[in-house]
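Peer 1: Residues per chain are reported as follows:
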Amino acid sequence: MILDDRARSAPTRSPFRHYSDGLLGELIFPLIAVLAAFVVGGVMVLVVGDDPIQTYRLLLGSALSWPDGIGYTLFYATPLIFTGLAVLVAFRGGLLNIGAEGQLYVAAFATAWAGITFANLSAWALLPLCFLAAILAGAVWGAIPGVLKARFGSHEVITTIMLNFVAVALVGYFTQYHYKAPGDPIMQTTMIGGGAHIARLGRFIPGFPERIPLNLSFVFALIACLLVHLFLWRTTWGYEIRATGSNPQAAEYGGISIRKQMVLAMAVSGALAGMVGINEVLGYRYRHYDGFSANYGFTGIAVALLGRNHPVGVLFAAMLFGMMIRGGIFVDAFTNNVTKDLVDVLQGIVILFVAAEALFRGPFASHRLLKRSKI
Amino acid sequence: MLELRNITKRFGDVLANDRVNITVQSGTIHAIIGENGAGKSTAMRIAYGFYTADSGEILIDGTVCRIAAPRDAIARGIGMVHQHFMLVGPMTVAENIVLGAEPGSALALGVTTASADIRRLSGELGLAVDPDAVVDHLSVGQQQRVELLKALYRHAQLLILDEPTAVLTPREVDEFFAILRGMREQGKTVVIITHKLSEVLAISDEVTVMRDGRVVGRLHTKETNAAELARLMVDRDVLLRVDKPAATMLGATTLRVRSLSVRAHDGAARVDRVSFDVRAGEIVGIAGVEGNGQTELIEALSGLAEASTVSGEIRLGDQDITRFGARARRELGIAHIPEDRHRRGLLLEFDLAENSILGVHYRKPAAYAGGILLDDPAIRRHAADIIAAFDVRPANVDLPARALSGGNQQKLIVGREFDLRPTLLLVAQPTRGVDIGAIEFIHRKLIALRDEGCAVLLVSAEIEEVTSLSDRVLVIHRGRIAGEVDPKAATVDEIGLLMTRGH
Chain A
1 MILDDRARSA PTRSPFRHYS DGLLGELIFP LIAVLAAFVV GGVMVLVVGD
51 DPIQTYRLLL GSALSWPDGI GYTLFYATPL IFTGLAVLVA FRGGLLNIGA
101 EGQLYVAAFA TAWAGITFAN LSAWALLPLC FLAAILAGAV WGAIPGVLKA
151 RFGSHEVITT IMLNFVAVAL VGYFTQYHYK APGDPIMQTT MIGGGAHIAR
201 LGRFIPGFPE RIPLNLSFVF ALIACLLVHL FLWRTTWGYE IRATGSNPQA
251 AEYGGISIRK QMVLAMAVSG ALAGMVGINE VLGYRYRHYD GFSANYGFTG
301 IAVALLGRNH PVGVLFAAML FGMMIRGGIF VDAFTNNVTK DLVDVLQGIV
351 ILFVAAEALF RGPFASHRLL KRSKI
Chain C
1 MLELRNITKR FGDVLANDRV NITVQSGTIH AIIGENGAGK STAMRIAYGF
51 YTADSGEILI DGTVCRIAAP RDAIARGIGM VHQHFMLVGP MTVAENIVLG
101 AEPGSALALG VTTASADIRR LSGELGLAVD PDAVVDHLSV GQQQRVELLK
151 ALYRHAQLLI LDEPTAVLTP REVDEFFAIL RGMREQGKTV VIITHKLSEV
201 LAISDEVTVM RDGRVVGRLH TKETNAAELA RLMVDRDVLL RVDKPAATML
251 GATTLRVRSL SVRAHDGAAR VDRVSFDVRA GEIVGIAGVE GNGQTELIEA
301 LSGLAEASTV SGEIRLGDQD ITRFGARARR ELGIAHIPED RHRRGLLLEF
351 DLAENSILGV HYRKPAAYAG GILLDDPAIR RHAADIIAAF DVRPANVDLP
401 ARALSGGNQQ KLIVGREFDL RPTLLLVAQP TRGVDIGAIE FIHRKLIALR
451 DEGCAVLLVS AEIEEVTSLS DRVLVIHRGR IAGEVDPKAA TVDEIGLLMT
501 RGH
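Keeping their order, the protein sequence lines are chains A and C.
By our numbering, the letter at position 146 of the first sequence is numbered 146, and the numbering carries on one by one without gaps.
By our numbering, the letter at position 269 of the second sequence is numbered 269, and the numbering carries on one by one without gaps.
These are computed hints drawn from the structure, not numbers from a lab.
Check before you lean on any hint, since a few could be wrong.
[What the hints assert, rightly or not] Sample of chain A residues with no beta-carbon within 12 Å of chain C, all distances over it, derived:
hint: 1; residue: Asp-51
hint: 2; residue: Val-157
hint: 3; residue: Ala-199
hint: 4; residue: Gly-254
hint: 5; residue: Phe-292
hint: 6; residue: Ile-329
[What the hints assert, rightly or not] Each pair of labels, with its calculated beta carbon distance range:
hint: 7; chain 1: A; residue 1: Ser-154; chain 2: C; residue 2: Gln-83; range: 30 to 40 Å
hint: 8; chain 1: C; residue 1: Arg-343; chain 2: A; residue 2: Ser-154; range: 43 to 53 Å
hint: 9; chain 1: A; residue 1: Arg-151; chain 2: C; residue 2: Ser-275; range: 56 to 66 Å
hint: 10; chain 1: C; residue 1: Glu-313; chain 2: A; residue 2: Ser-154; range: 27 to 37 Å
hint: 11; chain 1: A; residue 1: Leu-226; chain 2: C; residue 2: Glu-484; range: 40 to 50 Å
hint: 12; chain 1: A; residue 1: Pro-67; chain 2: C; residue 2: Arg-393; range: 52 to 62 Å
hint: 13; chain 1: C; residue 1: Gln-25; chain 2: A; residue 2: Lys-260; range: 54 to 64 Å
[To be verified] Here are a few chain A residues that face chain C, going by a calculated C-beta distance under 10 Å:
hint: 14; residue: His-155
hint: 15; residue: Thr-236
hint: 16; residue: Trp-237
hint: 17; residue: Tyr-239
hint: 18; residue: Glu-240
hint: 19; residue: Arg-242
hint: 20; residue: Ser-246
hint: 21; residue: Ala-250
hint: 22; residue: Tyr-253
Note that the Cβ used here is the ideal one computed from N, Cα and C, for glycine as well.
Use the sequences and the hints to build the structure in full.
Peer 2: Given below as structure tokens:
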């Protein structure tokens with residue numbers, strides 16, 4: 001019998017086996033992309049008249065200092081983990097979710113709505129209720145493009161983009177006319193009940209001040225990475241979503257309803273985007289603040305792309321982007337000419353390089369790590 | 001004159017072309033034949049600059065040329081028409097033809113002048129195509145003419161045609177051959193890649209036979225015959241002949257098809273009121289020229305066709321399954337080995353373990369906890385069992401399906417479907433693009449399954465395969481059953497006539 005021993009003996013496999021080229025082979029391109037972005041960005045810093053080394057030292061130093069740098073970096077990374085995961089799940093199902101922005105808006109408002117409406121409930125009841133509101137609202141808003149695609153064949157890129165506008169307008173309306181404190185000049189709802197507040201991490205970590213808004217949502221985000229991994233690779237639903245994304249005709253052949261998978265993938269994607277509402281409303285502002293999202297939904301696309309559509313990759317990509325947001329603020333303030341737009345430039349170049357991976361495969365293809373595994 | 005000299009090309013570990021020498025004389029129709037995977041398309045793509053050879057050289061009229069990209073080939077008067085057309089559907093014929101070689105300036109496309117040129121060109125060759133028609137509205141045969149015109153418009157003197165007749169109906173093939181002869185009379189050179197012997201004999205002046213990446217024969221068509229070419233091509237006189245005992249334990253009727261029709265979106269019947277039975281313990285073969293409704297028939301039987309396109313009745317045992325979906329049919333014991341393993345049969349990016357459960361991924365042993373969680377160790381054992389029983393190599397369940405050769409991919413699919421212990425097996429082109437060892441293996445397995453009492457419906461484009469495997473043969477022509485023949489008594493010629501003429 002010709003049978004590889006590995007097939008029978010090893011009961012579990014490496015979580016990285018879903019990377020076709022092995023971990024290092026997959027990491028090499030994102031790393032090159034990031035490095036290349038910093039080089040190009042450095043040239044731009046030089047052109048506008050600042051010292052690139054100093055600027056980068058400032059960027060990284062402010063993002064990685066203890067406790068503020070790391071605290072804020074992880075705080076900024078939290079929503080990006082959720083939106084990165086959201087884009088990832090849709091992408092694995094063969095769908096491009098450009099609507100995470102709208103999904104997280106609707107979800108954040110729904111979270112605040114639950115927290116305001118049932119403010120008098122105890123934490124044990126209110127907190128799960130608010131969680132549910134965030135996840136459900138995101139899932140429903142995400143499922144709509146899924147249903148439209150399954151039933152009418154409408155392209156999800158178009159419908160998700162359109163629904164972003166609808167979401168922002170709808171949430172704005174309810175905030176302005178129904179949930180704003182009378183006389184408040186700011187577009188924000190009233191406060192949610194105290195039972196729905198999520199503790200800041202400063203309460204658990206000695207030497208980590210509570211003024212830093214990093215809260216338990218970050219831990220939830222880590223758990224979400226794990227759950228998404230298990231969902232995609234350890235459940236039949238995940239299998240069906242991935243099969244549909246990988247080859248819809250083969251999925252159909254395997255008795256999988258690809259219409260159902262479109263809806264399911266978009267609903268799960270929306271739910272993950274919706275969890276941004278947990279960080280924002282329950283962990284940070286304790287209310288819905290109109291316009292809170294700094295394009296988290298769109299940056300999530302970049303995060304998923306840089307993270308190679310793998311939960312672990314998304315986690316690291318989100319942290320990198322969190323670092324850049326944090327560092328960008330300091331670069332803006334403490335250099336003569338460079339503004340925080342540098343961060344956008346860096347992000348843009350990173351994405352450009354990741355997307356242009358095929359270009360690299362040519363000249364570098366002789367390198368062992370860059371070759372596609374062939375048996 | 002085009003000459004390939006000592007061309008070698010490797011794809012990974014596969015030697016696609018091994019010191020290939022081909023000489024095409026000007027003003028002739030030159031056929032390159034060989035089985036799927038023999039390396040004929042690779043050689044011609046190298047000549048057209050689609051691939052670059054690892055070693056060897058290309059000579060045009062005696063001088064060595066560097067052809068690094070198709071534009072180099074086009075500049076030297078070489079054109080190529082691919083098996084899958086490269087046309088822009090919503091654009092007109094004229095727009096498609098000038099695409100990339102627009103006669104006008106950046107602002108004025110010059111399609112009107114092009115139209116006149118195209119009319120003249122098509123008039124000269126009897127290639128009747130309206131330059132102003134939209135490509136999407138044309139038949140496949142007409143689209144192919146557009147592809148020809150596209151190459152001729154670029155002043156191609158030598159045309160390479162990759163399996164040009166695969167998509168044509170028999171009548172269109174005749175017209176197409178007339179066009180090729182007309183081109184030869186005008187002094188053009190034609191290279192036609194095919195695996196159909198009858199076409200080689202009908203149209204070509206010279207033949208190059210390829211097998212396993214090598215040239216194994218160069219012949220003048222007049223001095224050869226089908227038997228010799230077939231032997232050169234496959235080097236196995238009786239390979240597709242299977243020694244099998246006659247069906248012994250013929251059981252009850254398993255599949256009963258009555259007046260089954262499948263309509264395409266344009267309303268044309270691809271399968272037209274077809275009725276037949278398959279009994280337990282027999283193999284019923286469907287012979288026919290590809291594109292005569294076999295694909296649609298199998299998709300209708302397996303539950304993959306859109307329900308609204310199917311009419312008639314399909315019964316499995318005494319159950320009407322006409323409206324059942326693919327999963328419900330699988331659960332009733334219908335297994336399906338699809339004709340296109342890359343398109344339907346496999347998830348190429350998934351590993352072998354994951355591929356081994358496609359279709360049964362939601363039930364034991366793959367899933368537990370109410371069919372929600374995947375049981376990874378059980379899936380790996382399941383895959384390892386199939387891999388062992390069907391000798392899939394390399395035997396490593398963690399490899400992506402993409403990494404396997406065609407034959408091993410097919411063995412994995414066959415193993416997976418056999419593992420369902422089906423009462424009815426739908427199998428289409430089971431040995432297409434599969435190496436010789438795997439062909440015999442798959443044939444033996446099919447007969448063994450029959451002898452266990454499974455009803456088997458076999459579709460194959462290879463007459464030899466259908467007649468030697470099947471207990472009964474139905475010939476399909478333009479979506480209809482043109483007749484039933486006894487595979488032991490009928491000659492290839494009789495079946496061939498039914499296949500091409502329908503009576």
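Peer 1: Can you give the numbers of the hints that this structure goes against, from lowest to highest?
Peer 2: Numbers 4, 8, 9, 11, 14 - these are the hints that the structure violates, sorted from lowest upward.
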